[in-house]
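Sequences are here, hints too, so could you generate the full structure?
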Amino acid sequence: MRFPSSNRRIWLDRVLFLGPATLLLVLFFVVPVVVDIGIAFTDMGRDLRVTGFTTENVQRMFGGDRRLTSVMLTTLIYVSCTLVIFNVGYGLLLALLTTALPDRSGSFFRAIWFLPRMSPSVVYALLWSWVVAPTDYGLLNQVLLAIGLPLADLKSNFPMVLVVLANGFIGASFGMIIFTSAIRAIPQHLFYAAQVDGAGPLAIIRHITLPAIRWQLSFVTIYQALALLVSFEYIWLITNGGPFFDTTVYALYVYRRAFDNGQYAYGAALSLGLVLVGTILALALWRFFDMRALLQRPRIEVG
Amino acid sequence: MDTAIALHGSEGARWEQLATRARVRRRATTGLLYGFLVLGSLPIVIPYLWLFTVALSGRAGASTVVLWRSLAVLLPALLIWSMLRVGIDEERRLRRCEVVLLSATLIALAFLIGPYLHTGNWRFLWNANIADQLKGSAGVGGTYPSVWAAFGNSLFLAGTQMALVVIISTLAGYYLSRFDFRGRGGYLKGLLVLHAFPAMTLIIPIFLLLHWIGLLDTLTGVILVIVALELPFAVFVMKGFFDAVPWDIEMSAMTDGASRRQAFFMVVLPQVKVGMLAVAVFAFLRGWEEYVFVRTLLFQKSNWTMSLYLFWMSEDMMGTDYAMVSAIGVFYVLPSIVLYAVCQKYLTQMSVGGIKG
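Residue numbers (my numbering), protein chains in the order written: chain A, 59 to 361; chain B, 704 to 1060.
Don't read these hints as lab results, they were simulated from the structure. Remember, it's a predicted structure, so these values are computed and weren't measured experimentally. All C-beta atoms in this analysis are idealised placements derived from N, C-alpha and C, irrespective of residue type, glycine included. Hints may be right or wrong, so weigh each one.
[Claimed, not checked] Estimated spans, in silico, between C-beta atoms of each pair:
#1 B/Leu-1037 <-> A/Gly-331: 38 to 46 Å
#2 B/Ile-916 <-> A/Ile-95: 13 to 21 Å
#3 B/Lys-892 <-> A/Ala-257: 40 to 48 Å
#4 B/Gly-960 <-> A/Arg-66: 20 to 28 Å
#5 A/Ala-261 <-> B/Val-803: 52 to 60 Å
#6 A/Pro-301 <-> B/Gly-886: 49 to 57 Å
#7 B/Ala-947 <-> A/Ile-143: 32 to 40 Å
#8 B/Arg-724 <-> A/Asp-194: 44 to 52 Å
[Said to hold, decoys possible] Now the stretches of chain B that chain A is said to cover, found in silico as 3 or more residues with beta-carbon under 8 Å:
#9 793-801
#10 846-859
#11 902-908
#12 970-976
Shown next as structure tokens:
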């Protein structure tokens, strides 16, 4: 039997505890998705006013925009190169090497690789633009000069390499952290047994370490693919998508269409694609969370 | 008898030999690992070192003398340090050697780069209109704010945002951990999707939303947005910490006559202090480092945060005084690094919903 007053208390509690979070989440996640879908079918331009509804934006996405194809190709190259070489590959290498060292030295090197993630994006981007500065003051060029090679201008000649390197140096640390704790969790006796059986380091990695961390491997792959796909912060800061459109990835293209060219409606339509991919990958990530533990019934329910 | 002894002897020698060979091999492998890691870390270490040396010693015109000199000291020191760690097994002796190495390095540094150091690049700290002086009074777009205005804005943004995230996520985390209600499963699942969902894709509608509410170009608007984006993660972290608090504690408080809310504030909350601290540090850093949203949602110079200040200074001053720009960079990056280093212990304790192993 419930008394009205206790019923009211339950509701009051719910509003007090859950209300603020729910309000903000609805306001800045749910409403924006709805707004985005709505705006995608309007003609909103620089003046932020809607004068009519149209499907022009969607049509333009699927055929009218010739630049879009090359942007998508750029995105594909950028995401797959960074992901394979750095976020997964180098992250794994760092985790394997640093866990093979004594604890303190291992964390020293991990801390170094964590530096880029610890610094604000503007500072990190500034460092890169100094490193690759095309004059002989640029750090890279100083090194090249010292060993007698001609000066290089990565930013104009190999912008994609620059963008992949800059993002990869940050991306590697995420995988490194996850893989390190996964490798640490492998029971030590497995390694001893393998060594007794005469397995070399490579065989141990291939037959013990990698199989033991395959969950983390696929988690990092999906999570980082999503992160690379939607983030444009460092590219924006370092090359601004240039020269011309050479390093303009999809997410940056969306941003520039909306905020640089004032085509808010077209930008909204374009970002629908990202919202869709984001949702799908977010759902795919569900597999990696321990749902049973997460949804476990609360143990007391006293009002 | 003779043969037996001989056999015994050769056996012993072989074991000895094998042990030596294994030790040599182990040391060679470790040495190789150190070598690879030291070399592989150089592309990260050198630019940061450069930033710091230029900030402390740079003068008009770019110069890398100080960088190479400090590298010439630090690199051998690092190599010797790795060799010490590979070569010396005894803990006390190792510590002693490390102290000697550290003091030798510091002395060498003081000797080699000491004469170059000066504080001129930090004049932006006490000269509020340094930017306008450097650009000439006819600078584009009016006067630059002083660095302290930007610093204050960043501090305000990060601090307020941190307080809100901690309070809201603690309340929600507690409720989700302790109360059963219809739709709880759905709520949690939805939260998990939002946690993985990339909020950056919603920047256009968020911009429009703030425009319609009238919060565009206000710090309040940006704070609310960042709080909302931080929440799914923070709520999960807090829920995890509350889940780990045994319910008997609460129960006994309530049998002693505490109300539900009293039990929450006086008994449960102290148990999750570490979690709140971790969320707080994380939220603060996020606010301090934010760039994309502040760049998009704030326009007025008086609203600039440190990230915008540094960005525009580097755009405008690079040719004029790039040593000062790097000093600003150090000024901006140091709080982040210090906070990470100090609070590392708390940050590593967070886990979301427990990734399956």
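Against the structure, the hints come out as follows:
Range check, B/Leu-1037 to A/Gly-331: Cβ separation about 40 Å, and the 38 to 46 Å hint holds. A hinted range of 13 to 21 Å holds for the C-beta pair B/Ile-916 and A/Ile-95, which are about 19 Å apart. For the hinted restraint 40 to 48 Å between B/Lys-892 and A/Ala-257, the CB-CB distance of approximately 43 Å keeps it satisfied. Between B/Gly-960 and A/Arg-66 the beta carbon distance is about 22 Å. The supplied range of 20 to 28 Å therefore holds.
Between A/Ala-261 and B/Val-803, the C-beta spacing of about 40 Å breaks the proposed range 52 to 60 Å. Restraint check, A/Pro-301 to B/Gly-886: a C-beta distance of roughly 52 Å satisfies the suggested window 49 to 57 Å. Range check, B/Ala-947 to A/Ile-143: Cβ separation about 38 Å, and the 32 to 40 Å hint holds. At about 49 Å, the beta-carbon gap between B/Arg-724 and A/Asp-194 stays in the expected band of 44 to 52 Å.
Counting residues of the stretch 793-801 of chain B whose beta carbon lies closer than 8 Å to any beta carbon of chain A gives 0, which falls short of the minimum of three for the stated coverage. Counting residues of the stretch 846-859 of chain B whose beta carbon lies closer than 8 Å to any beta carbon of chain A gives 0, which falls below the threshold of three, so the coverage claim is violated. A count of 7 residues in the stretch 902-908 of chain B with a Cβ less than 8 Å from any Cβ of chain A is obtained; the coverage claim is therefore met, three being the minimum. For a cut-off of 8 Å, the count of residues in the stretch 970-976 of chain B with a CB near a CB of chain A stands at 0, and the three-residue condition is violated.
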